[in-house]
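For reference, the chains in residue letters:
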Amino acid sequence: MAKQPDIELVSLTKRYGETVAVDSIGLRIPAGSYCCLLGPSGCGKTTTLRMIAGHEEASEGDIILGSENITGLPPAARGTAMMFQSYALFPHLDCTDNVAFSLKMRGIDKETRRARAVEMLKRVHMEAYAGRLPAQLSGGQQQRVALARALITDPQVLLLDEPLSALDPFLRIRMREELKSLQTRLGISFIHVTHSQDEAMALADLVVVMNGGRIEQAAPPREVFNRPASAFVAKFIGGHNVLPAAVARAGAGGGPFVAIRADRLSVQPGTSGEAGVTSLQGVARSVEYLGSTVQVGIDVTGLETLSATLSEARFDASPVRPGEPVTLSWKPEDVHVLGR
Amino acid sequence: MSRVKSWVTYLQVAPLALVFLLFLIVPIATIVVVSFFDYNTTQIIPAFLLQNYEELLLSPVTWRTYQQTIQFALITWALTLGIGFTVAYFVAFHVRSPTMQTVLFLICTIPFWTSNVIRMISWIPFLGRHGLANTTLINLGLINEPLEFLLYSDFSVVLAYVHLYTLFMVVPIFNSMMRIDRSLLEAARDAGASGWQTLVNVILPLCKPGIAIGSIFVVTIVMGDFVTVRMMSGGLSASVGLMMANAMSLLQYPAAAANAVILLLLVLFIVAAMMRLVDIRKEL
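The listed protein sequences correspond, in order, to chains W and Z. Under our numbering, the first residue of the first sequence is numbered 1, with each subsequent residue one higher. Under our numbering, the first residue of the second sequence is numbered 341, with each subsequent residue one higher.
What the hints contain is simulated information worked out from the structure, not anything from laboratory work. Keep in mind that the hints are not guaranteed to be accurate.
Unchecked claim - Among the chain W residues that face chain Z by a calculated CB cut under 10 angstroms, a handful are: (1) 77; (2) 102; (3) 124; (4) 125; (5) 313.
Keep in mind that this is a model prediction, so the values were computed, not measured. Idealized CB from N, CA, C, for every residue including glycine.
Isolated chain Z, as found in the complex:
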């Protein structure tokens, strides 16, 4: 066997390296570069200024928006984790037949058969002032006035997030659960563990990698989102993504780029923190 010449090896990694370079490194580098540019109402002026970052970080609006975005992410994370874990637990441990498991799993993915936007919009006639939810509650005599908080509120934003992204929690947690050797549960029972003790002492620790992967999905998606916030809050709530979209619609690209860099650093920090807590490699 002869040693492969070194240039052949380089050739072999070249395609993927090129793809990464063109579609990942170059765009992010461009954003970083543009974030230092100057701009006025009509054009972008190449420069090296810290002004974009200064304006961004010194504005109380930025801090409030980040706070709200993080709040959305946290609430959504907690809810998707709770629901996702429960659904995964049910399908993995309570449903005995593999066929039924597959069927239920497919049912979980049904919402994904249509686009995000349609799924969001379909909440509007349901939650609106004269929507299905309010009409039903009034007809049942439970309330006299329509509930205003149902639509165009933080509530509706979080509701849409949970609806859209719970599956991202279900899948990795379900995967983790299916890898748990069933005899471990019997061993726990043999040692006198109750159902709850087995859950806390055996299942939960063994699902940590799945929880971490699901959390990374949900948190990164919610942190970068702007469509959901815009649609479901009717423009009443803000998010970092929305802030950037607004800056771009005013052609303030360097300002949006600076914001994007800050957001990217924040999300990377969050993901790094999660990876520190849980070793997800054994799941991949």
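Okay, chain W solo, but in the shape it has when bound:
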């Protein structure tokens, strides 16, 4: 297989009149990686994807694929293919013709294109449904057909716009696995837009957390989780408590906030000990039993509600009830100083 190209975004900007949707972002996505653009709605992730796809014109900046600047090219000439959020299958065409559509547009004869479409449907295990209309398929099946349609052009990069959001939770996890294994098999880059941190964590080689048109952090998922770059990232990916640095008595370096993972906090009933360097006193607000873990919400005067995730055994060793005073403590090495 030929060497797949890297993608590079260079000061890519999108303005709608006065509003800046994407603000001069720079990003390098190595070839053959699974990249998730993660962020809340309106953060510019979909706009970025659409600019890479060519469905949105970049106001400024460049999109480089391999050694080629593709910023001004039409969508079909870029070597990218897009899978749309609602799949956008043509309702009047059966699965085969949907998949064969781009071949038809290139003027490939009916026999050849239908044969290739059926082959592609086989790869996504949909050959049994080749003659069905999209309306006769379930959400997961529609998604497979949409995948086949996007892949038939042999793209170097597959762009997926919230591909799992239309599915029910069970199917979402199954399709998530399928997407990942497909990407591994094909060896091409996938760029996947999502607002679900679970999805990004599970799938991505590179998580790009976006907020307000800017990239907050672009790193592998473990790094994003263990060393969030900013208070926004720590809050958005969840599982972290963000505290003012002064409260946690963190060292002088870094910004005004620190993050402590919720599963690194311990919770003891009562306020026996002195509030020390690595502890706080508060009141348990909620106790949620989640199966293997227990989530305890704690109100501390002057702070946002904190949360601690305890294993069932650790919780049972010193149980707390809502309304009880509690002491929170952590180890100094678990304090992560946030950059901003």
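Fit chain Z to the given chain W structure using the hints.
For chain Z alone, kept in the frame of chain W given last:
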């Protein structure tokens, strides 16, 4: 929950059933019955004769008139479809703001603010021998003699039809177009389709129901029309509707009724054929 008594159900459908019975079934049944009656210059005589149909179907005038009516319908259909589709396409896909779409759509309906007859008559001073069109062309030096075909001709009849009925094409096609998911157009572009290929392969097939509904409107109206033909052709062209109107003015009601039955069957056949081609139910 108790089962509703059956007579209550009948009572519930009764009003609409009565309306249909009185205003649809009874009149059509009457026409069918009268079409078999006998008549002379002064009266209609109840009978069961096939003579009306025989005279009608054996007369070459009937065949010529039907041929002309179908020709009018076909030409009008083709023109209203072409113009209607283009207008609907423009408003649905080229106009971006919903406000502007509404405004343009209302502009399309302006001709409907006055009656059919007035809209037709207003063509006459424009197209006449010394009308606006001819005067302008002569003054511009493009022609020396007034163009005779502009008014009281098949041309003026078709022109009036197109003017009157294009909106019936625009509305259902526009409706179909507005239901097309915009991401389908992007998906087509992503697959490398040009604008024209998107039109032919995506938009046109998805507009079929709208085209069928508009076509049914236009064809049925033109097939049954007699006012437009009379006004715009100055009596020089014939249509089936006009033929019936003439028969009625001579009190030959059974002859007109027989003609009406034949026309009804023909139109029903055309509509059935269109419904076979396109499933319009998903649009309703």
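Hint check results:
1. 77: Where the cut-off is 10 angstroms and the nearest Cβ of chain Z is about 8 angstroms from residue 77 of chain W, the hint holds.
2. 102: Check passed: Cβ of residue 102 of chain W comes within 3 angstroms of chain Z, closer than 10 angstroms.
3. 124: Constraint on residue 124 of chain W not satisfied, violated at 17 angstroms.
4. 125: 22 angstroms, violated
5. 313: 49 angstroms, violated
Violated hints, in rising order: 3, 4, 5; the structure is consistent with all others.
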